[in-house]
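A.B. asks: At position 108 of the sequence shown (counting the first as 1) the number is 108 in our numbering, and the numbers step up by one without a gap.
Any given hint could be a false lead.
[What the hints assert, rightly or not] Listed next, with one range per pair, are the computed distances between beta-carbon atoms:
#: 1; residue 1: Arg102; residue 2: Val80; range: 24 to 34 Å
#: 2; residue 1: Asn96; residue 2: Asn65; range: 51 to 61 Å
#: 3; residue 1: Glu75; residue 2: Ala50; range: 50 to 60 Å
#: 4; residue 1: Glu113; residue 2: Pro88; range: 42 to 52 Å
#: 5; residue 1: Ile99; residue 2: Asn79; range: 11 to 21 Å
It is worth saying that the hints were derived from the structure and are not from the lab.
Beta carbons are placed, not taken as given, at the ideal position from N, Cα and C, and that holds for glycine.
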Amino acid sequence: MHPYVILAAVLAWGTSAGGAFLYGQHVGAEHAAASAARVDQAIRDTRDAAQKGAADAIAALKPVNKTIVQKTQREITENVVYRDCRVPPAGVRLANEAITGRTEPAGDQQLPEADAAPR
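Given these sequences and hints, build the entire structure.
C.D. replies: Okay, here's the thing in structure tokens:
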């Protein structure tokens, strides 16, 4: 075989293989773009459906206005404070005896002993 024929065959095969590669790259890029477009369209459709659903739900709300009629209840408390009253200790002791019913002062009682804290 002649070397030029072999060279021509190799070049022809390389050109067709290179062309097929470039064509495949072009088709792959178009496929990726089409896939991205489908995803974008699905996102738009979902967003539109969600907005329509929310708008329908808001439109379905019916506000209800109610007037509540009720008598006002008032309680007036009066705290008596004797600021100018000066009671001597004997008077306080007599008042405590009258309240508790005991004649001995309240300070005579012993408190129980404290228990040790559990560990």
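A.B. asks: With 11 to 21 Å as the target window, see if Ile99 and Asn79 comply at their CB atoms.
C.D. replies: holds, 18 Å
A.B. asks: How does the Cβ-Cβ distance of Arg102 and Val80 compare with 24 to 34 Å: does it lie in that range?
C.D. replies: holds, 26 Å
A.B. asks: Check the following: the C-beta atoms of Glu113 and Pro88 are separated by a distance inside 42 to 52 Å.
C.D. replies: Because 35 Å falls outside the window, the suggested range is violated.
A.B. asks: Between the beta carbons of Asn96 and Asn65, is the distance compatible with 51 to 61 Å?
C.D. replies: Holds, since Asn96 and Asn65 (Cβ atoms, about 59 Å apart) stay within the stated range.
A.B. asks: Could you tell me whether the CB distance from Glu75 to Ala50 stays inside 50 to 60 Å?
C.D. replies: holds, 53 Å
The structure is inconsistent with hint 4 alone, although it conforms to all the rest.
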